[in-house]
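Let chain A serve as the given structure and place chain B on it in line with the hints.
Number of protein chains: 2
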Amino acid sequence: MNVRKFAVADAALERSPGQDGDIFVGNLVDQRHGAPITIGYGRYGPDQVLEETIVVDDVMVMLEGRLSVSSDGGTVTAGPGEIVYLPKGQKVTIRSHAQGALTAYVTYPHWRDARG
Amino acid sequence: MNVRKFAVADAALERSPGQDGDIFVGNLVDQRHGAPITIGYGRYGPDQVLEETIVVDDVMVMLEGRLSVSSDGGTVTAGPGEIVYLPKGQKVTIRSHAQGALTAYVTYPHWRDARG
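Just so you know, the sequences run in chain order A and B. Quick note: the first sequence uses my numbering, first residue 1, plus one each step. Quick note: the second sequence uses my numbering, first residue 1, plus one each step.
For reference, chain A alone in the conformation it holds in the complex (with noise of 0.2 Å):
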């Protein structure tokens, strides 16, 4: 595969598996590439909430709104620029603020094999 260049507007957003709300995901590389890691971005509507456990390490990077992700260590709560990680086994819940927001992310390996 060749460097590529990605913005959101490449991105298919689709509602993320297993919720009804306003939370979209889009893959832009994955295990369709034969790329070890999954790339992607994320769009959360206005105070959205995601409970999830999470099945692969997961870096989202804020590039807009506020997100706060609760665990057992505690919440964390991140705005643009700023970096969340969400290793592998973690049981959380994410919420976005009033703005919703818009992340970029990695996984390893591929959230969606693992999700089954």
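You may find that some hints are simply not true.
When chains are identical, the list treats them as one kind, so a pair holds in a single copy or across two.
[Unchecked claim] Okay, derived cross-link-like pairs now, EDC-like style, lysine to aspartate or glutamate, Cα gap no bigger than 20 Å in a straight line:
#, residue 1, residue 2
1, K88, D72
2, K91, E64
3, K88, D30
4, K5, E51
5, K5, D30
6, K88, E64
FYI, nobody ran anything at the bench for these hints, they're computed from the structure.
Coordinates of chain B only, in the frame set by chain A:
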């Protein structure tokens, strides 16, 4: 490891190995933490040039400024909110523009191990 949040101020930026220009990197998560991936921030001064063969799969999320990445496949230029994917094995030239650049990066596996 627990869920973690990072800001660029958390990174101990040091000169990127193998170059004496104005390019600095700081890992926040890596082999020291038992994670499978490395997470960090990179800061590029204005008009810097880095020639490198990519030894790991490397994702750069652009937070500030612009970078152009040239490889056999051509040149891509990315700005804030965009993602550049550098697959392992690519020989690239990375150029910052007049305003410099700030990136968040994720690599699989650990770039510091792979460079030896």
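Subject >> Unsatisfied constraints (hint numbers, rising) >> reply: 2, 6
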